[in-house]
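Asker: Just so you know, the sequences run in chain order U and F. If you count the first sequence from 1, position 207 lands on 207 in the working numbering, and the numbers rise without skipping. If you count the second sequence from 1, position 133 lands on 133 in the working numbering, and the numbers rise without skipping.
Treat the hints as calculated values from the structure; they're not laboratory data. Please note: incorrect hints may appear among the correct ones.
[What the hints assert, rightly or not] Computed footprint of chain F on chain U; a stretch qualifies when at least three of its residues, placed anywhere within it, have a C-beta under 8 Å from a C-beta of chain F:
hint, stretch
1, 74-87
2, 97-108
[To be verified] Restraint ranges, calculated between C-beta atoms of paired labels, are given here:
hint, chain 1, residue 1, chain 2, residue 2, range
3, F, Tyr102, U, Leu165, 43 to 49 Å
4, F, Arg90, U, Ser130, 32 to 38 Å
5, F, Val129, U, Glu117, 55 to 61 Å
Computed from a predicted structure; not experimentally measured. Just so it is clear, CB atoms sit at the ideal spot from N, CA and C, and this is done for glycine as well.
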Amino acid sequence: MSEDVLQIKDLQISYGGIEAVRGISFDVKAGEVVTLIGANGAGKSSTLRAISGLVKPKAGTVIFEGEDITGKDSNAIVSKGLMMVPEGRRIFPNLTVLENLKIGAYLRNDDLEADLETVYGYFPRLKERSWQAGGTLSGGEQQMLAVGRALMGRPKLLMMDEPSLGLAPIVVQGIFEIINRIHEAGTTVLLIEQNANMALHVADRAYVIENGKISMEGTGKELLADEKVREAYLGSVDHK
Amino acid sequence: MEYVISVLLSGISVGGQYALIAIGYTLVYGILRLINFAHGDVFMVAGLLGIYMTATLPISVSLPLVIIITVFLGFAIERVAYKPLREAPRMSVMISAIGVSYLLQNTATYVTGGQPMTYPVIPFLSDTVNVAGTQTKWVVILTPILVLVLVIALTQLINRTKVGMAMRAVSKDFETSRLMGIKINSVISATFIIGSALAAVGSILFFTNYPAITPMAGSMPGLKAFVAAVFGGIGSIPGAVIGAFIIGICETIIKGLPSSWDVSVFSDAFTFALLIVILVFKPQGLFGEAATDKV
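Bound conformation, chain F alone (with noise of 0.2 Å):
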């Protein structure tokens, strides 16, 4: 019984940042239509700034300036390799995104020297804790909580804020929108800008449960939490949460099944079938969409 409490506690856990990370997956899908192949870096990029931050400065100054950091690539990212764009084809883009993603890789490769870099101990997240009997990190608690927090602050700024009408009318009509003089690039990067900034508070809680970070570490809880973007409805934000949590529940379950089966190794290939299984039969995934258009 507290074995499965753990099991669970911990499937929330990695859901809730994999949510973290598929929103701005979800985000950016839903106003540019672009599957946005650096998200998962620049994941990884928030996670070694971590490291380097905390190395020299205080906790308290070096996440906040981690998150600044990090919002401010995301932006950059979006005005270089893909403002330029706008008007080109789609694959363009998304050829330019896959390009963005191998430079930060290389990049933390060369900064780094490709060796896995430790994640500091964070006082209080990586502090132990008792929940019905069992031991775990406060981070696994927290979590969920503060998931589920940004979510409701995030849905609120999208349905009630002038910013959030905005949002939503540049994802359905670039054009119409300048019309009512809304300038769209200024809600290009607010997206960039808001998805950036949860990546990195994903990537604070994530890498506070695992030991170390190297140049590749983005990009399977990248490619995890797209998967859930896909699975939920690839520009719904409710469904890239509930999607990710699924995921993340999902995977823990299976590496947590007696090891005389022998299973754990296939946590990561039941992610990617789930993939399959859902393009085939459900492409619009669980809240999606359906892409017809009304004439």
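Excised from the complex, chain U in its bound form (with noise of 0.2 Å):
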């Protein structure tokens, strides 16, 4: 029905010679929210950082709204419209809030007020401190800063590494509402997660990675019900 807007197809990626993750393939949808779930290690985040040029794949090819960008420079990637969340956050502490949006957009030439109003909208917060050096946000700020960055760029994919890593439970849902808000208002997002409850309930559909390769995949919900998954990513119901 819908078009492909990323594919990816047998993705190989090694790291002198330890292979992280080992022929994986997927594609995400136009307007879709995919996950990728998995434990720590086990090639999410290295498959992230292959798509958005961080590093080299081995073999394998990206395919971003039927063009090839694999092993592209990271600024031609971004200039395609496929904008990154970083693992950890990694906000410019040295940039005021309001300089860290901008250079979300720093491929743009074009007005960004009616962005940045979009972006106060999803975080009051932001606005609030936007003369603050991003250093100083607290840390679900700090992801809220990051997220509000990237969309700056107008992604047509946006992909997130682990936005839940380290922050308390009150936040993390927050932020998942606003992903959320932001697949409502259309645009394609693609999620990786080890808080598999939370990103299960926000997918559409889900991919499970082990050890470099897709062992599952399925809409959110059927993987949310799925025995194997409950015991591996979820918790046992009996153990809750």
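Using the hints, put the two chains back together into the complex; each one sits in its own frame.
Answerer: The following block contains the structure:
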């Protein structure tokens, strides 16, 4: 029905002989939220880093909107409309909140006012603190800033690497509500999470990665109900 | 009194010239965490270019040309000697910088035959002027003003423009800057271009005051400017400028003390003793940030 925004075919990544990703394929269709879940070291982050051009894959192809972007420079990839919220927020501590948002739109030359208002609409807290240095924000606020910064690039595909990492449960709740709203506003999202419960609730489709390979796929609901997934990633109900 | 004024004036002037070199050190350190040991020699080459250019071309053409060629030299050094080592340990890049430094010094020795070369008299800059009853050269008056204008322009560039924002972002985080679509290599080149341009301007002002250039002429001012950058807090532009003025003024005061005290030979020693004292008691310098990483 809807077209593929992102298509990954047989992607392999290795770091000095150690294979982190061993041939995975998946796709993300326009308007979807797709999540990759899996344990620490399963190869999720490596996959995102290869898509965004930070590491060069050993083999395989990354196709974005029908164009092969495998191994291209990050700069070229970002210019096509692929923005990433990196793991650990990685906001610029020495730039103000406003500058952090503006730098997300670095490759744009048009007026940013409307987009700033949209981001401030999602995160009113950022507007209050727009003149503060990014480094003075709390962890949750920094995550909001990292998401806002990526949205400023008007992404066709927004990739998020562990947005819940190291945040209080109430803040995580807030971040996932925002992911829902971003989704409803029509942005396609590729989400990577260890917090499988939250991720599967928000996702249209999900893939489970184990040891650098995809071991399972389905809709968010299907995987939430799956016995093996519950055991491995959600903690079985008895233990709750 | 007149003597005091003339000592202070020349101190401020020397300080300004150090400041123009020190900014190059501090800018590059801010982005690459690299002490660019070749920077003082780029300054020396700019001086030699000044001699060769003015010998054949009118001043109005040759001086801009000196700045342009020096900028190109700084840019080329980064591309050839530092860029291929981007992923290498920092020590390798530093050793490469030392190599470039020796290369420039020895090339200069080859070209000039090691003879001291006389810097041309630049009209106006070398003319004398009366200030508060003391005779001095125009260059002494103009240097601090020019430095102030250039520093203000530079801080505006860094704090107000998109390129400046990118420079500040890259100085903190290469990878995330790339994820914003920033071309890291262009930003790094920009810092080398700015640093070299300022060093070229500094060389014109500095050598107008000094009789001759040797291939080693860049190393002492370079080292002192480096001390100034460390003193002010390496990575900080206002720090480098203030550090340079303090060192320039102190040095000239020591040189100007009564000759019966016999301390003027210690002016260089003072600068380097200062370096040791700073590194022991306040390693981050006047305005540098403490090297703690927030997790």
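Asker: Hint by hint, note whether the structure agrees.
Answerer: Results for each hint:
no.: 1; hint: 74-87; result: holds (count 7)
no.: 2; hint: 97-108; result: holds (count 6)
no.: 3; hint: F:Tyr102 <-> U:Leu165: 43 to 49 Å; result: holds (48 Å)
no.: 4; hint: F:Arg90 <-> U:Ser130: 32 to 38 Å; result: holds (35 Å)
no.: 5; hint: F:Val129 <-> U:Glu117: 55 to 61 Å; result: holds (57 Å)
Every hint, counting from the list given before, is met by this structure.
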